[in-house]
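Participant: Read top to bottom, the protein sequences are chains A, B and C. Residue numbers for the first sequence follow numbering that gives the first Met the number 0, beginning at 0 and rising by one. Residue numbers for the second sequence follow numbering that gives the first Met the number 0, beginning at 0 and rising by one. Residue numbers for the third sequence follow numbering that gives the first Met the number 0, beginning at 0 and rising by one.
Calculated from the structure, these hints are not laboratory results. Take the hints with a grain of salt, since some may be wrong.
Claimed, not checked - Some chain A residues near chain C, calculated using beta-carbon distances under 8 Å:
(1) A71
(2) N91
(3) M99
What the hints assert, rightly or not - Result set (DSSO-like, lysine-lysine): computed pairs, CA atoms no more than 27 Å apart in a straight line:
(4) A:K135 <-> C:K174
(5) A:K135 <-> B:K109
(6) B:K105 <-> B:K186
(7) C:K174 <-> A:K106
(8) C:K301 <-> B:K105
(9) A:K200 <-> A:K225
(10) A:K106 <-> A:K62
Unchecked claim - Label-pair distances were calculated between CB atoms; the ranges are:
(11) B:K186 <-> A:G14: 19 to 27 Å
(12) B:Q101 <-> C:V123: 40 to 48 Å
(13) B:A110 <-> C:I187: 18 to 26 Å
(14) C:F145 <-> B:T156: 55 to 63 Å
(15) A:E60 <-> C:G106: 27 to 35 Å
(16) C:Y99 <-> B:A110: 23 to 31 Å
(17) B:A110 <-> A:I52: 23 to 31 Å
(18) A:I52 <-> B:A294: 22 to 30 Å
(19) C:Q141 <-> A:I52: 53 to 61 Å
(20) B:T156 <-> A:G14: 47 to 55 Å
(21) C:V138 <-> B:A15: 47 to 55 Å
(22) C:V123 <-> B:T138: 23 to 31 Å
Ideal Cβ placement from N, Cα and C applies to all residues, glycine included.
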Amino acid sequence: MTKLRTEHLTRAFLGLVAVNDVSFSMEEGEILGIIGPNGAGKTTFINLVSGIIMPSSGTVEYKGRDITYLPAHDRARLGIARTYQLIHPLENLSLIQNVMVGSIFAKGNGLRAARAKAEEVCASLGLTGLDRDTSKLTILEIKKMEIARALANEPEVLFLDEVMAGLNSDETRELIAQVQTIARERKLAVGVVEHVMGVIKELTHRVIVLEAGELIAEGPYEEVSKNPRVIEAYLGGAA
Amino acid sequence: MALKRRATILAALSAAATILILLWKPSVINNGLQQAGLYAAIAIPMGLVLGIVHIVNLAHGEFMMVAAYATYFACRATGMDPLLAVLPAAAVTAAFGWVVFQLTIKRALKAPELNQLILTFGIAIALTQAVNILFTSQTFKLQLDYVSASIDIGEDTFPVWSYVFVAFAILYAVGLKLFLTRTTIGKAALAVGQNPKGAAIVGIDVNRVYGLVFALALALVGAMGALFLTKQSIFPSVGSPYTMKSFCLVAVAGIGNIPGILGASLLLGISEQVLRGFRDTRAWADIVFFVLIIAVILGRSIKWRKS
Amino acid sequence: MNRNLARVVATLLGALAVALPALAGAYPLQVARNVMLYMALAITWDMLLRSGQISFGIAGLFGLGAYASILGVIRAGMPAWASIPFAAAFSALAALLIGYLILRLRGMYFSIVTLALAEIFRIVIHNLHDFTGGPEGIVAPQGVIFGGSASALYWLALGGLAVALGASIWFERSKFHFALTAIRDNEIAASTSGVNIFSWLLATFVITSGIQGLLGGIFVQSYGFATPDSVFSADFTLLPLAMALLGGIHGTVGPIMGAVLLGVASEWLKLQMPYGHLVVYGIIIIIVILFMPRGLYGLARKMARPAEGRAE
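Chain A extracted, bound-state conformation (with noise of 0.2 Å):
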């Protein structure tokens, strides 16, 4: 079942267009992974989908909806839900506190339901300690945190920006496999913005390339991998 969609969705900053007629599909227990170089728009991308920002033009469908324009909160609330690039911790309330956030606001939760989803999601993902305040939180624990906050929405469509940044190889590959099976378990459709191309070679199912904002090649990993346009314009300088 095809959960996301977009048709020829653009975007332009001044002149510049960072994300060009990009139309894609992601299917309900799918990990799709986004790959470029940098700059290719990936993270635009997902701000389009997730309705940080609005497109110049396109549109994005939910499950045959029109969300096109719809705010970044109402997506939240139908199923949408992300981490970010640049870790977003909410200084200002504990751990538990910040995945409880998400299932109250966009499954509309009361305190208590909210606090036993959170523990549920967090100790999916091992997380201990949850009354801690988050400057106590170590880097896995913070990407860790930010996972729960995403899946406490009870998304269908979940978005991972470089979630992986930062860790060690040990804990990637501890992290990898939770991810797996979070979208198995849960039949999510999980979008990956990665760097490292091993991590997207055992994560993915399928692969969608962007170079200057627009989708140059689709298909798995090791298909995509051999194309000589992606070589060109990715993997040629990292191989």
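Mind docking chains B and C on chain A? Use the hints.
Facilitator: Only chains B and C this time, still in chain A's reference frame:
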């Protein structure tokens, strides 16, 4: 670009309205122009600080009030004409502003906007009340003959002294434009305003530039303090409406658009004078700026929602 | 802070507040009423500040409530007691209108518009002189509420404080706490977690303004007259702000501490410095914001838990 287009539209509309009113009630235009000059000359320094240092200085009008008081007592003591005091007032106010910047505002530059607002609000109160303690809330005024200069056209008499404010406003707008585009320090200030981190990397002392811009703005405000005194009575809270009206004008022009402040001032000055032209509406002139700022915020939030 | 200690202190303060009319004479009761009024205003100012929005409009909404109350009595024939909730509703309605227009564009725009409110309302009151009494003010023919009984006026002021206190504690323990803190910490993360920022800010502005209007109503009924200069006085913005900042922002306890300290001090200052005693509050604001932005309560908590570093 959008700013320029808007400024052009604004200018064209005000010009059209001006001509209409001129035919119908010439004294409104005469007074409105002079009022606009006063507003613009006070608002332009705020536009500089807000556009480059990104600080909303809620003590803006209060600094002018302090400069006017200092000038008043200097003139009373020495018998000097306040016009001679314009440059000294600018220098003294700039020095005062520099000290205030170093002692307080500099420390709040990296703090959230919230702290800067509360801090400059506190400075405004401290200045107003310090003057209140020293001189009570009594009003002071200099009696000068030349401020009643006027021109007779037909049967009407038009006072003209306050055109000196218009001259200063234009001088400020042109001077700042040249300063920001032609001088090294002006260019550095622009660079710092656009990208403080980048400017720091290429070796510009960001705090120093901020301090200089702030002091420069206060020099302009200080000169206005002396000039203001030629025509107006002064009392401790005389500056506070100018803080709010200046912000209104900067917001109407768009932050960073200094020439636009001239157009915005024309709109405010003439609208106020139109209301003052009738007995029934006279008392409502002072809420024009509030209506203007609400309109601007509404317009901007609609635009902001679209983008 | 130790929860039990806090509870003991709160109980003692509460007991003192209730026992005061039996213990003290008219002048101490009058001082207590002023302190409670400013304390309540400080709490409501802080409630909105928890979302990161600064209002400089306390005096405006307070004075508007005061006029709504006294005009409700004089022009609409309301009983004095009924005019007080009416004042709350009137200020809340004004805040709804203003907030709806300006809260989409927040930060300095909101703050500066609120800074102008007291002045704008004052001009409106001046200009509608046939209805409002204009610059000379207006006197309620039946005089002070409750016949001016010192203890009854005290209970009325205490009631106003209780409303502010109750609302503040409710904010701390309900979804408001999560919504406002999330908005203050990070608007983007808040919105993608489903927080409708505009609605929560509007609700908070309307509730806090309503309470400020209520306090204005209580104030004006306790004196039986209103003039633009007395009810829109800058004191009603400045003192609550200085009190909340000094005591410590973003919670109920700080503004209470600040109000007790500054409230008593201000009564003394007013006698010592008839002109310009407000300079003290300006200086307090500057010093607190530069050197102890968490206020005294924040400082006390930091000292009480040194092992935990900069924990909140």
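Participant: Starting from the range 19 to 27 Å, see whether the pair K186 of chain B and G14 of chain A falls in it by beta-carbon distance.
Facilitator: Given about 24 Å between the Cβ atoms, the range holds.
Participant: CA of K106 of chain A to CA of K62 of chain A, is that 27 Å or under?
Facilitator: Between K106 of chain A and K62 of chain A the Cα gap is close to 18 Å, so the pair holds against 27 Å.
Participant: Does the structure keep K301 of chain C and K105 of chain B at a Cα separation of 27 Å or less?
Facilitator: Distance ~26 Å between K301 of chain C and K105 of chain B Cα, so the pair holds.
Participant: Note whether the CB distance of F145 of chain C and T156 of chain B lies within 55 to 63 Å or breaks it.
Facilitator: holds (59 Å)
Participant: If you check the beta carbons of A110 of chain B and I187 of chain C, does the distance land in 18 to 26 Å?
Facilitator: holds (20 Å)
Participant: Within 23 to 31 Å or not, the Cβ separation of A110 of chain B and I52 of chain A?
Facilitator: holds (27 Å)
Participant: If I claimed the Cβ atoms of V138 of chain C and A15 of chain B lie 47 to 55 Å apart, would that claim hold in this structure?
Facilitator: About 49 Å separates the Cβ atoms of V138 of chain C and A15 of chain B, which means 47 to 55 Å holds.
Participant: Given a cut of 8 Å on the nearest C-beta pair, is the interface hint for N91 of chain A held or broken against chain C?
Facilitator: Result: holds, 5 Å to nearest chain C Cβ.
Participant: Do the Cβ positions of T156 of chain B and G14 of chain A conform to the proposed distance bound of 47 to 55 Å?
Facilitator: For T156 of chain B and G14 of chain A the Cβ distance comes to about 54 Å; the hint holds.
Participant: Holds or violated: the hint that M99 of chain A contacts chain C, with Cβ atoms closer than 8 Å.
Facilitator: Holds: closest Cβ of chain C sits about 7 Å from M99 of chain A, inside 8 Å.
Participant: Check the hint pairing K174 of chain C with K106 of chain A against an upper bound of 27 Å on the C-alpha distance.
Facilitator: holds (13 Å)
Participant: Do Q141 of chain C and I52 of chain A keep their Cβ atoms within the hinted range of 53 to 61 Å?
Facilitator: holds (59 Å)
Of the numbered hints listed earlier, not one is contradicted by the structure.
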